[in-house]
Amino acid sequence: MNPSGLPPLASLPGPQIRAVHDELHGDLLELSMGPHHPSTHGVFRMVVTLDGETVVKLKPVFGYLHRNHEKIAEGASYLGSMPYTDRLDYLCSMTNNWSYALAVERLAGQAVSERAEYVRVILAELTRLLNHTCLAGFLLQDGGASGTPLMYAFREREKILDLFESLSGSRMMCNYQRFGGCRADPSPAWLDSARALVDGYGRFLDEYEALLTGNEILMARTQGIGRLSPQLAVSAGVTGPMLRAAGVGYDIRKVDGYGFYPRFTFRVPIGADGDTYDRYMVRILEMRESIGILRQALRDIPAGPILDPKAKQRGLRPKAGEVYSRIEGPKGEIGFFLISDGGPNPYRYRVRPPSLINLTILEDMCLGQSIADSVVILGSVDIVLGEVDR
Amino acid sequence: MSAGPTDAHLLERAPFLLRDWLTHALPEPLRWFANTLIAIAAILAIFGTLFALLTLVERKVLGRVQNRPGPNRTGWFGILQPVADGIKMLTKEDIVPRAADPLLHFLAPVALLGFSVLTFAVIPYGRDLVAVRLDAGVLYFFAAGSATELSIFMAGWSSNNKYALVAAMRALAQLISYELPLLLSAVPVVLAAGTLSAPDIVESQGGFTWGFVPHWHVFTPWGAAAFLVFFISALSESNRSPFDLPEAESELIAGHLTEYSGFKYALFFMAEYFGMCSLCGMAVTLFLGGWQAPLAALEFIPSYAWFALKLCALLLVFIWIRATLPRLRMDQLTRFAWKFLVPLALVNLAASAFWSLSFGWAGPMQALRWAIGIALAVGPFVLLGRRLGAGIGPRTYRYA
Amino acid sequence: MLGTGLLQGLAVTARNFLGSFYDRRRFVTTQYPEQRTALPEAYRNFPFLVCESADDPMGTLRCVACQICEKECPPQCIYIEKSKDKKPDANGKPQIYPAVFDIDTAVCMSCQICVEVCPFDAIKMDQVFELAATDRFGALLMDRHALAKPNSYFQSIHPTEAGEVDSRLLAARLAAEEKARTAAAAKAAPKPAAPKPPAAPSAEAPKPSPPLA
Amino acid sequence: MSAALAIVALATLGSAAAAMLGRSLLRSIFMLAVSWAGVAAFYMWAGAQFVAFAQVLIYLGAISMVALFAVLLTRQSRDEASPPPAALRRAILAVVAAAGVAAVLLWAVAHSPLAVSGSLAPATSVRQLGFDLMGRHAAALLVVGVLLTIALLGAVVLAADGAQERPGDEP
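Protein chains in written order, with this note's numbering: chain D, 1 to 390; chain Y, 1001 to 1400; chain H, 2001 to 2213; chain B, 3001 to 3171.
Next up, chain D with everything else stripped away, as it sits in the complex (with noise of 0.2 Å):
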């Protein structure tokens, strides 16, 4: 008996693990991808079950990034639970803030100054194009190309990342939105460097579209895979991009106006096949949106208070009352469910997260596609495991 008390190896009866040729009878081989796996964005499992190399029947195993956010957080006050927001969607800690804030808001009727507003937008579409030039690297690094199209997106997610701590004070956790309006007033200069980083990101995407777009092996490896039709879209509460390239335009910001976003012109590209493509060009398309949308807001962003001086941060008590508020993120629609009892911390404190919802129908689109596809597919869904888990 070793010291830890365990039998010793050699007396375990012969070899534990199932030989793969029992299961060679029947034609199907089970295959476990993950929790660590090379392409599963995160610690994600699917149970595949494979003929040959079609997916016959796929299970999503999820739940390995829980850390119980939504309990803590009805514990802590609602200030205290700015700074965790920032970990739901590891990728775009701006628009989660964004959306808790707009959520207590709402809740304790605080009002926003202007030039918050301003802001608030500005950094939600410069998440928008972090989140999905990342998509874009993330897809092709599941397609097998070996870091290029990622390296070059994480180029470019520097540059952002290098706004938002000059801002924010840390790169990803920034947690800059405050209840009324934001934390730090950007300044002058903070302001040039963003419309130089808009003006030259055209150029990138250009640069970027020449390497992958037109690729042939790109578009055999996705059109026509993970085909999603947009009656499935919409029953399973599918948001985001991913909706819109099933050929549903359904987009919040046009939707519910929230934000200031009914000042600016910008247009919803919808795609046709609602296949793995299609979301992938959804995506590129949304940027250049994305791009008119911020050359606007930086254009006339107006000067005052960046914080309404009378909102209430710490000792925050809205009166008793439910509300739920909702943005378009980058992954889709995130929500905030608060139900307060007037207390110093939230009765019910609920997320909506785009991810999770996305990834129930993973296997409706999977099904019949190779593993290979899978892989694919799942890089398409934009999945983020904090986000997924919470």
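Heads up, some of the hints might be wrong.
[Unchecked claim] A few chain H residues facing chain Y, derived, Cβ under 10 Å:
1. M2001
2. G2003
3. G2005
4. L2006
5. G2009
6. N2016
7. G2019
8. R2025
9. R2026
10. F2027
11. L2141
Source of the hints: derived by calculation from the structure; they are not laboratory data.
Note that beta-carbon positions come from the ideal geometry of N, C-alpha and C, so glycine has one too.
Given chain D, work out where chains Y, H and B should sit, using these hints.
Chains Y, H and B alone, transformed into the frame defined by chain D:
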């Protein structure tokens, strides 16, 4: 081993002088044996260091393409990186899964490396600088190349891992379906050169027309098409970028290499790089005029230098393609081979037959000959390409 | 024709490969230990306690152990024990000081909420990120001696923010002294002008501006 | 040279025996491949390089693959590969049959007019071989080609049919 060119200048005869200086004291039968040993040692040493450098150059080029420096911490420009990798591989524990088939698990890398090293024997590195002068050298090259498939399947099957099993199946299908276009694209060269022996093929590509256009096969219409097919098949035979399906990182982790670690893992990589070098060497020999100089004026540079230059150029293109292209799917890969490369190679066979039959045409007929040649090369490429990429194309999008 | 997209892609990678040798935009790596990128002024990492003078840090701590940051800190990584006695602070008023002030930097996620809620500007965000330690527990638990840093250091890392804080504190101190002077004058002069209504002095006494609530 | 020849002969026979006696079907195929390599070495020793390379290309490259696929697609289970003899009577019958086959083979080898002395390697070069194949034996070559193509098409049709009628056996 031949006596070597007697008339050429010093640099050209340097390898032979060195060899003779080493073995002049030995009696006759022993000297032949010593010469062969020296040839083997030279090949292994040169291609061993080329393998080490290639791993470094690949990571540097990949880095530079991705706007980053690549390894530069070990040694001057990361020059000691291969040494560091080698030591790491040697000191890593060699784990053999308990349910694996120990004999086959051990034999797979050995067989793979053995067969891929065999192919170096017939490639002519310079004028009279070939290890074994076989008159069926090209056939020998492809025979040794085709035996590697067995060992990749052995590796995949014996490690008793599901990923490795799927990878072994893929490797079998891929290597067999790409061996056919590889051979078929080499046949026109044999038809044009009239011999299967590699040194004679290179000899037949000597000489220049109008003083500066060398007689390389790649500068003929059928030669260019055959070179393209050969190059794509070589990419696939050595499991390189668009076709690296057996060890597809994103879905099969490391494919048939999943259960290998330590020095066996390094052996697999050495075999892959040797395979890549030998296929590039054969491509240079068949199409790019082996050790022939591109310009008459540049004949003073020794022949083996030209071979090395062309080999490195082709290897860089291999790395460049790996840095850019995503991976094909299994059924697309086999469809691409059977419905695009094989018909293209067959039509190209007819084109090169026409080319060699119409050798006597002169004057205006020469232009007609070139026109027909180019038509026979480009026509099927466009037609088959359109049929292959039928459902695929750029799309336009409407806005809500 | 088949392959034009691939050639376009190859052209882009070739341009990047060549560009990386002469074009700064296509070679973005900074070799970290040798070259360092300039940290933006707003950059924040772990908090530190501000003390007025460098030579007697424990004596001149601004912190008055009001434990607001301890309550508000989301991951609860601050631990404070009040002192039994009082010591005069910058304005000369006797204040409680923290006998024990620990921050567990292994738990702290540098979210900067403690800086926001501190009414006395006693805790600010530092910019040091090279904090590798060999011991996972003891070395990362910073006590108040390790946390205290002089106001001059605060000036060096966050110049604009430090400027605002100092001007505000100065204004508050002047207001306090001026109020003390008027209060003393009011006490000294009530005999000759007793009937003057006492309301006047309180009206014009400037209320100390509420710190960032 | 005879020492090298002995080693190769031993390796060929040894691997052939291992192929027959081995328990695991897959391992016996690999041993068979080794024996084919031994036969190729014999051709090399006899000076017929073309046949040796053809042997490696065809047997080692293709036929071993076909054998692998055959085993993989039809294997029922691991232990049915070599069932032990059920009864003593079957064992005796097996030995008798084997002895008969061995006797016939040895008789044929003994009576065939082999050139006793190690004659010179046959002087047919690849070029001569080509002319013969295209000249005298062209008809035979075409017939063999057509035969193999039909066999290939038959296999594809069989495999394709197999796929449809296979019952949808959900596990």
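Hint-by-hint comparison with the structure:
no.: 1; hint: M2001; in the structure: holds (6 Å)
no.: 2; hint: G2003; in the structure: holds (7 Å)
no.: 3; hint: G2005; in the structure: holds (8 Å)
no.: 4; hint: L2006; in the structure: holds (6 Å)
no.: 5; hint: G2009; in the structure: holds (5 Å)
no.: 6; hint: N2016; in the structure: holds (5 Å)
no.: 7; hint: G2019; in the structure: holds (8 Å)
no.: 8; hint: R2025; in the structure: holds (8 Å)
no.: 9; hint: R2026; in the structure: holds (5 Å)
no.: 10; hint: F2027; in the structure: holds (6 Å)
no.: 11; hint: L2141; in the structure: violated (34 Å)
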